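Student: If you want the building blocks of each chain, they are given just below.
Number of protein chains: 2
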Amino acid sequence: DILSTLETYFSSDRNDLDGKQIVITAGPTREAVDPVRYFTNYSSGKMGFALAEQAAKRGADVTLIAGPVSLPTPENVKRIDVVTADDMFQAVIKAADLADVVIKAAAVADYRPAQVATEKMKKSDDAMAIEMERTKDILWTLGQMKTNQILVGFAAESERLDEYAKKKLEKKNLDLICANNIKAEGAGFNKDTNVMTLMRRDGERVELPLQSKHEAANRILDEVKRLDVNHT
Amino acid sequence: DILSTLETYFSSDRNDLDGKQIVITAGPTREAVDPVRYFTNYSSGKMGFALAEQAAKRGADVTLIAGPVSLPTPENVKRIDVVTADDMFQAVIKAADLADVVIKAAAVADYRPAQVATEKMKKSDDAMAIEMERTKDILWTLGQMKTNQILVGFAAESERLDEYAKKKLEKKNLDLICANNIKAEGAGFNKDTNVMTLMRRDGERVELPLQSKHEAANRILDEVKRLDVNHT
Numbered sequence: 080d081i082l083s084t085l086e087t088y089f090s091s092d093r094n095d096l097d098g099k100q101i102v103i104t105a106g107p108t109r110e111a112v113d114p115v116r117y118f119t120n121y122s123s124g125k126m127g128f129a130l131a132e133q134a135a136k137r138g139a140d141v142t143l144i145a146g147p148v149s150l151p152t153p154e155n156v157k158r159i160d161v162v163t164a165d166d167m168f169q170a171v172i173k174a175a176d177l178a179d180v181v182i183k184a185a186a187v188a189d190y191r192p193a194q195v196a197t198e199k200m201k202k203s204d205d206a207m208a209i210e211m212e213r214t215k216d217i218l219w220t221l222g223q224m225k226t227n228q229i230l231v232g233f234a235a236e237s238e239r240l241d242e243y244a245k246k247k248l249e250k251k252n253l254d255l256i257c258a259n260n261i262k263a264e265g266a267g268f269n270k271d272t273n274v275m276t277l278m279r280r281d282g283e284r285v286e287l288p289l290q291s292k293h294e295a296a297n298r299i300l301d302e303v304k305r306l307d308v309n310h311t
Numbered sequence: 080d081i082l083s084t085l086e087t088y089f090s091s092d093r094n095d096l097d098g099k100q101i102v103i104t105a106g107p108t109r110e111a112v113d114p115v116r117y118f119t120n121y122s123s124g125k126m127g128f129a130l131a132e133q134a135a136k137r138g139a140d141v142t143l144i145a146g147p148v149s150l151p152t153p154e155n156v157k158r159i160d161v162v163t164a165d166d167m168f169q170a171v172i173k174a175a176d177l178a179d180v181v182i183k184a185a186a187v188a189d190y191r192p193a194q195v196a197t198e199k200m201k202k203s204d205d206a207m208a209i210e211m212e213r214t215k216d217i218l219w220t221l222g223q224m225k226t227n228q229i230l231v232g233f234a235a236e237s238e239r240l241d242e243y244a245k246k247k248l249e250k251k252n253l254d255l256i257c258a259n260n261i262k263a264e265g266a267g268f269n270k271d272t273n274v275m276t277l278m279r280r281d282g283e284r285v286e287l288p289l290q291s292k293h294e295a296a297n298r299i300l301d302e303v304k305r306l307d308v309n310h311t
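Sequence lines, in order, name chains A and B. Residue numbers for the first sequence follow the numbering used here, beginning at 80 and rising by one. Residue numbers for the second sequence follow the numbering used here, beginning at 80 and rising by one.
Do not rely on the hints blindly, as some may be mistaken.
As the list claims (entries may be wrong) - Only part of the chain B face toward chain A is listed, based on derived beta-carbon distances under 8 Å: (1) 204; (2) 211; (3) 215; (4) 219; (5) 240.
What the hints assert, rightly or not - Here are the simulated lysine-lysine pairs, BS3-like style, with alpha carbons at most 27 Å apart: (6) A:245 x B:199; (7) B:99 x B:157; (8) B:225 x A:215; (9) B:250 x B:304; (10) B:202 x A:250; (11) B:304 x B:225; (12) B:245 x B:304; (13) B:246 x A:201; (14) A:215 x B:199; (15) B:246 x B:157; (16) B:201 x B:225; (17) B:246 x A:199; (18) B:250 x A:202; (19) B:157 x B:304; (20) A:201 x B:225.
Bear in mind the hints are in silico, worked out from the structure with no lab data behind them. Computed from a predicted structure; not experimentally measured. Positions of the beta carbon are idealized from the N, C-alpha and C atoms, including for glycine.
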């Protein structure tokens, strides 16, 4: 019947990404204030690692570029560890060159301290301000560099999810954006589940139920596969 | 002979801290900027957890107040988990009330963002500054509250270690300070070894060789025991 046909078509047992070069980024970055203190975010890397694991199981040739997380490397995945937004930029731009698909699941710092103190800062009794500067925009750069690659981004928002996600999809020249409300029940950082909406450039949207990050990863890869079929 | 006598005296097999109420703090704190971003530091909690484990083995009644770390709770230790400097302050002041010894090994944030955004901050093309305010000084407060407790602090510095550690010992009214240069070979954050100098109020100093954090923990507890014997 049609259901089992669909199931087979979308099943992760198929070797349906065989030979595809997929670059996936995961985790947070750390931006030093001084030798002791740093600025970071709550990303655990679980979504990106789930994507890498499932893509490799489906036959893709996966490069996983990971910020500082405490997760084991999935089988048959080439892992590159980075720490700062600038490290991440260099590694992604280099790896993206030969990729068919780039999925940017990392939560890269938008800002970093403008000066990094080489010695530990001494405290005083006063308040102080930390001057922050913008980091390079990796996703925007990838969107500009893109020739026939499929580019997938994420939007993690605490409000106005649809509006912000659509804006990001266009501004960054993405093919697909995976939007999630970090305040939704069962979603967000360091959880094993997620609640996501997948939004395509042509306006099609898929609202996924609360499911494991591995199930969500397979649904994202299904959409990537569909985009790739139409693409070629 | 004298060496084996000393060895027995300082050995961790003795139940020499039996019945002592010891409060130990460990790990970093996290100070939120918004629902996604935060400030923190490189403390892994290993030194504080080693102290808690060894103190419990030596018969002490240990309360371990831990910031966000991924370490298992040592046997026979009562653990209280906290996240922010303010949580840490509340928990320590409450626990210190009945303690014989307080060892503050945690790397508590000195500063936190003056405002915490309730929604994720949107980036703009401009630089920005994060206004920071001082957190409450836990060690200074403990030094002021102290009646006949033994108070032990840590100084992790990247330069002028002796000068900064002595100043801290006096300013915070400590009995012992464990000073370490985070730039020394084999020392510092997330390592399993340390190189420390233990400085007492009366000017006595013990320079420890490069050794495991568990060995260093036992040496600190030896000094605490000696201070306690003179104390009573």
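Student: All hints are to be evaluated individually against the structure, with a verdict given for each.
Tutor: Cross-check of the supplied hints:
1. For residue 204 of chain B, the suggested interface contact is upheld, since its CB lies about 7 Å from the closest CB of chain A, less than 8 Å.
2. With its C-beta approaching chain A no nearer than about 5 Å, residue 211 of chain B sits inside the 8 Å limit, and its interface hint holds.
3. Nearest Cβ of chain A to the Cβ of residue 215 of chain B: about 12 Å, over the 8 Å cut. The hint is violated.
4. Checking residue 219 of chain B against chain A by beta carbon gives a least distance of about 11 Å; that is not within 8 Å, so the hint is violated.
5. Because the smallest distance between the Cβ of residue 240 of chain B and any Cβ of chain A comes to about 10 Å, over 8 Å, the interface hint for this residue is violated.
6. Of the pairs offered as hints, the one joining residue 245 of chain A and residue 199 of chain B holds, with about 17 Å between alpha carbons and a cut-off of 27 Å not exceeded.
7. With a C-alpha separation of about 14 Å, the suggested pairing of residue 99 of chain B with residue 157 of chain B holds against the 27 Å cut-off.
8. Proposed proximity of residue 225 of chain B and residue 215 of chain A is contradicted: the alpha carbons are some 50 Å apart, above 27 Å.
9. A C-alpha spacing of about 23 Å is found between residue 250 of chain B and residue 304 of chain B, which places the hinted pair at or below 27 Å, so the restraint holds.
10. At most 27 Å may separate the alpha-carbon atoms for a hinted pair to count; residue 202 of chain B and residue 250 of chain A meet this at roughly 13 Å.
11. With a C-alpha separation of about 18 Å, the suggested pair residue 304 of chain B and residue 225 of chain B falls inside the 27 Å cut-off, and the hint holds.
12. Pair hint residue 245 of chain B plus residue 304 of chain B holds up; C-alpha atoms about 21 Å apart against a cutoff of 27 Å.
13. Taking the CA atoms of residue 246 of chain B and residue 201 of chain A, the gap is near 12 Å; set against the 27 Å cutoff, the hint holds.
14. This hinted pair checks out: residue 215 of chain A and residue 199 of chain B have alpha carbons roughly 19 Å apart, not beyond 27 Å.
15. Of the pairs offered as hints, the one joining residue 246 of chain B and residue 157 of chain B is violated, with about 32 Å between alpha carbons and a cut-off of 27 Å exceeded.
16. Distance check on the hinted pair: residue 201 of chain B and residue 225 of chain B sit about 46 Å apart at the alpha-carbon level, beyond 27 Å; violated.
17. For a cut-off of 27 Å, the pair hint linking residue 246 of chain B to residue 199 of chain A stands: about 16 Å separates their Cα positions.
18. In summary, the hint linking residue 250 of chain B to residue 202 of chain A is supported, as the alpha carbons are separated by about 13 Å, within the 27 Å threshold.
19. Note on residue 157 of chain B and residue 304 of chain B: the hinted pairing holds, with a Cα-Cα distance of about 21 Å set against a maximum of 27 Å.
20. Between residue 201 of chain A and residue 225 of chain B the CA atoms are separated by roughly 25 Å; this keeps the pair inside 27 Å, and the hint holds.
Going down the numbered hints, you'll see the structure goes against 3, 4, 5, 8, 15 and 16, while the others check out.
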